[in-house]
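Engineer: One-letter residues, chain by chain:
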Amino acid sequence: MKIGTRIIFVFLVLLTTMLSAGQARAQEAVENPDVTLSVEGLACPICAYGLEKRLKKIDSVDTLSIHIKDGEVRMKLKEGSSIAEEKIREAVLDAGFTLTGITYREEEAGSSRCPG
Amino acid sequence: MAQAQITTNTALPVSKGGGIFRIQTKVLRSSGDPTEADRELTVLMVPFVIVYGVTSKLAAFGIVPVLDKQIRFTNGLARTERSVSGLGDARVFFRYTVFQKDARGATFRVAPFVGTQIPTGSRDASDDVGLLPPSLQLGSGSWSPFVGAVLTRQTFAWQIDVSVTYQRNNAVDGFRVGDEARLDIASKIRLFPRDLGEGLPSFLYANIESNLILREKNEIAGIRNENSGGLVWYVDPGFQFISRRVVIETVIQIPLVQQLNGAALENDFIFVASIRLAF
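Sequences listed follow chains C and W, in order.
Sequential numbering from 178 applies to the first sequence in the numbering used here.
Sequential numbering from 1304 applies to the second sequence in the numbering used here.
One or more of the hints may lead you astray.
Within a straight-line C-alpha distance of at most 30 Å, the following computed DSS-like cross-link-like pairs (lysine-lysine) qualify [what the hints assert, rightly or not]:
id, chain 1, residue 1, chain 2, residue 2
1, C, 233, C, 264
2, C, 255, C, 233
3, C, 255, C, 234
4, C, 234, W, 1360
5, C, 246, C, 234
6, C, 253, W, 1329
7, W, 1404, W, 1360
8, C, 233, W, 1329
9, W, 1404, W, 1520
10, W, 1404, C, 230
11, C, 246, W, 1329
12, W, 1520, C, 233
13, C, 234, W, 1520
14, W, 1404, C, 253
15, C, 230, C, 246
16, C, 264, W, 1360
17, C, 234, C, 253
18, C, 233, C, 246
19, C, 253, C, 233
20, C, 253, C, 230
21, C, 234, C, 264
22, W, 1404, C, 264
23, C, 230, C, 264
24, W, 1404, C, 246
25, C, 253, C, 264
26, W, 1520, C, 230
27, C, 264, C, 246
28, C, 255, C, 230
It should be emphasised that the hints constitute simulated quantities derived from the structure, not laboratory data.
Source: prediction; values computed, not measured.
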């Protein structure tokens, strides 16, 4: 089964490549986040990747980390920038999850709850 | 939807603009031929799967398998081997999430899907002996539509996916593969980490899947082939390692029930190894 051997070889090469790609940009925890999102529906690591991708497309987002146990996304914004709630809401929705709250670090009354 | 099954593709999770590339290796072994031919069939199948999130609710799927089929049988006194390899029939389908209820660390989703098999596989392959029989050909030659639905309930600790599919197979040049109905149930429990802790840890699951497949008899020139079709029920233990972008998974499909018609070959097992990359 010559083609079988070739296929298994290709499979192993792809496995190595994909593992390398997958580990290449591991998340680093964000300390003192500017914005914290409460997200429902997050229950596995690979599902969270779609959310991470959507949020990182927002210009003002510098870094973020997802904390699956707490259902939280902690984001650091770029220096001097702000973020529109509408963009956050759209990104979470596009990723297929439910946004239930946004908390801003520097605002006294900067916590908002989103309707379910 | 969620981390999804190993033996099927219907619940693969994808966000808008995101995608998943999955490559699987499946090895099927069939023997136990009740006839004197003592046939032994080995099929190596490598499906390449691409999933793309058109919107947050609509996902497009494409599956292209590469096949290597080999059959050994007794012909008179000699043991004969016939084999073929190449592209099999592709499949495309669309899934739309019609119901979604999220909670912290949990989700429940229901999504119907519709698609078709595309006759990309050759159905006129031959070897030194001549034209290969239909069961050994790489493709069916028919555009075969299918419909179904998948239901997913997922928490941090466990998940269950239930998928039902019905495929209508059309006749080509007088040969028609029997229609197929299947019920696929995939369940898993998280083994590692015991405590989720901070951040986004990788998960290791123990999986049990089940595939109940009912096939009609094939038809040749309108006459049913009594040695085809039947019911098979697999139970599939396996493991799944899930990180932020990569999934590595393996399962062995063990046929617990095989009520096959006539002299149809029974499956001994199907081994599946699979890797996924989110992009």
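Engineer: If a hint holds in the structure, say so; if it does not, say that too.
Structural biologist: Evaluation of the provided hints:
no. : hint               : result
1   : 233(C) to 264(C)   : 11 Å, holds
2   : 255(C) to 233(C)   : 11 Å, holds
3   : 255(C) to 234(C)   : 13 Å, holds
4   : 234(C) to 1360(W)  : 19 Å, holds
5   : 246(C) to 234(C)   : 24 Å, holds
6   : 253(C) to 1329(W)  : 44 Å, violated
7   : 1404(W) to 1360(W) : 13 Å, holds
8   : 233(C) to 1329(W)  : 36 Å, violated
9   : 1404(W) to 1520(W) : 40 Å, violated
10  : 1404(W) to 230(C)  : 22 Å, holds
11  : 246(C) to 1329(W)  : 34 Å, violated
12  : 1520(W) to 233(C)  : 52 Å, violated
13  : 234(C) to 1520(W)  : 52 Å, violated
14  : 1404(W) to 253(C)  : 29 Å, holds
15  : 230(C) to 246(C)   : 19 Å, holds
16  : 264(C) to 1360(W)  : 18 Å, holds
17  : 234(C) to 253(C)   : 13 Å, holds
18  : 233(C) to 246(C)   : 21 Å, holds
19  : 253(C) to 233(C)   : 11 Å, holds
20  : 253(C) to 230(C)   : 15 Å, holds
21  : 234(C) to 264(C)   : 10 Å, holds
22  : 1404(W) to 264(C)  : 22 Å, holds
23  : 230(C) to 264(C)   : 13 Å, holds
24  : 1404(W) to 246(C)  : 18 Å, holds
25  : 253(C) to 264(C)   : 15 Å, holds
26  : 1520(W) to 230(C)  : 47 Å, violated
27  : 264(C) to 246(C)   : 24 Å, holds
28  : 255(C) to 230(C)   : 17 Å, holds
Hint violations for this structure: numbers 6, 8, 9, 11, 12, 13 and 26, all remaining hints satisfied.
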